[in-house]
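Asks: Keeping their order, the protein sequence lines are chains A and B.
Oh and the first sequence: position 47 is 47 in this note's numbering, straight run, nothing missing.
Oh and the second sequence: position 100 is 100 in this note's numbering, straight run, nothing missing.
Since the hints were derived computationally from the structure, they do not count as laboratory data.
Glycine included, each C-beta is placed from N, C-alpha and C at the ideal position.
Keep in mind that the hints are not guaranteed to be accurate.
[Said to hold, decoys possible] Below, computed lysine-lysine pairings styled on PhoX-like, alpha-carbon distance capped at 25 Å:
hint	chain 1	residue 1	chain 2	residue 2
1	B	K61	A	K71
2	B	K61	A	K57
3	B	K68	A	K70
4	B	K68	B	K49
5	B	K49	B	K110
6	B	K61	B	K110
7	A	K71	A	K57
8	B	K100	B	K49
9	B	K100	B	K68
[Said to hold, decoys possible] Which chain A residues face chain B? A few, computed with CB under 7 Å, are given here:
hint	residue
10	D38
11	L43
12	A97
13	P105
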Amino acid sequence: NAGVTQTPKFRVLKTGQSMTLLCAQDMNHEYMYWYRQDPGMGLRLIHYSVGEGTTAKGEVPDGYNVSRLKKQNFLLGLESAAPSQTSVYFCASSQLAGNEQFFGPGTRLTVL
Amino acid sequence: AQSVTQPDIHITVSEGASLELRCNYSYGATPYLFWYVQSPGQGLQLLLKYFSGDTLVQGIKGFEAEFKRSQSSFNLRKPSVHWSDAAEYFCAVGGPGAYKYIFGTGTRLKVLA
């Protein structure tokens with residue numbers, strides 16, 4: 001039981017490049033989340049999903065897109081990376097709304 | 001407005017000393033409250049949670065937290081800190097049926113040997 005996994009662990013992009021972060025969970029959870037963590041700002045919600053085929057905007061959605069084609073996977077896309085998107089990205093999942101969230105190990109992204 | 005405030009950005013304690021990390025929240029409905037710990041380079045791990053009932057909740061690694069509705073607080077405590085407790089601690093609030101958490105900005109704990 002791997003829990004929540006994230007791919008890749010590290011990535012360096014040049015401004016304007018695109019990439020996709022993959023989150024996978026094996027707990028059959030309905031809800032999945034993408035956060036970004038920046039120093040002194042805690043975790044901020046980018047997008048979330050309440051079930052397969054659904055997505056919704058969080059607190060800081062601009063510049064990101066997401067898809068949840070399969071229940072176990074939640075993809076975060078950056079179409080045209082900017083230096084302001086340099087951050088650590090965390091994926092999380094939960095079975096019930098408002099309940100405990102399980103976090104992945106994070107992806108450290110640097111945009112030059 | 002819904003918010004979580006962790007007033008202490010950094011806290012330093014000596015090993016063996018007691019610890020209290022503060023968390024104040026503003027939430028319009030019944031709150032579900034959480035404390036998470038993040039070790040360097042790691043994801044977040046749940047320490048404890050409060051949904052209802054006994055206002056003193058026990059968590060993992062010897063941590064406990066007390067919910068005080070009148071003060072809108074959910075402070076984290078540990079009687080004797082170990083060097084391995086050095087980490088960043090996040091308080092979060094959600095609610096029944098609420099899809100999203102609100103996180104505090106975190107408190108970084110340093111433990112002196």
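Asks: Confirm or reject each hint.
Replies: Cross-check of the supplied hints:
| no. | hint | result |
| --- | --- | --- |
| 1 | B/K61 / A/K71 | violated, 32 Å |
| 2 | B/K61 / A/K57 | violated, 35 Å |
| 3 | B/K68 / A/K70 | violated, 41 Å |
| 4 | B/K68 / B/K49 | holds, 14 Å |
| 5 | B/K49 / B/K110 | holds, 23 Å |
| 6 | B/K61 / B/K110 | holds, 16 Å |
| 7 | A/K71 / A/K57 | holds, 18 Å |
| 8 | B/K100 / B/K49 | holds, 15 Å |
| 9 | B/K100 / B/K68 | holds, 22 Å |
| 10 | D38 | violated, 10 Å |
| 11 | L43 | holds, 4 Å |
| 12 | A97 | holds, 5 Å |
| 13 | P105 | holds, 5 Å |
The structure fails to meet hints 1, 2, 3, 10 from the earlier list, while all remaining hints are met.
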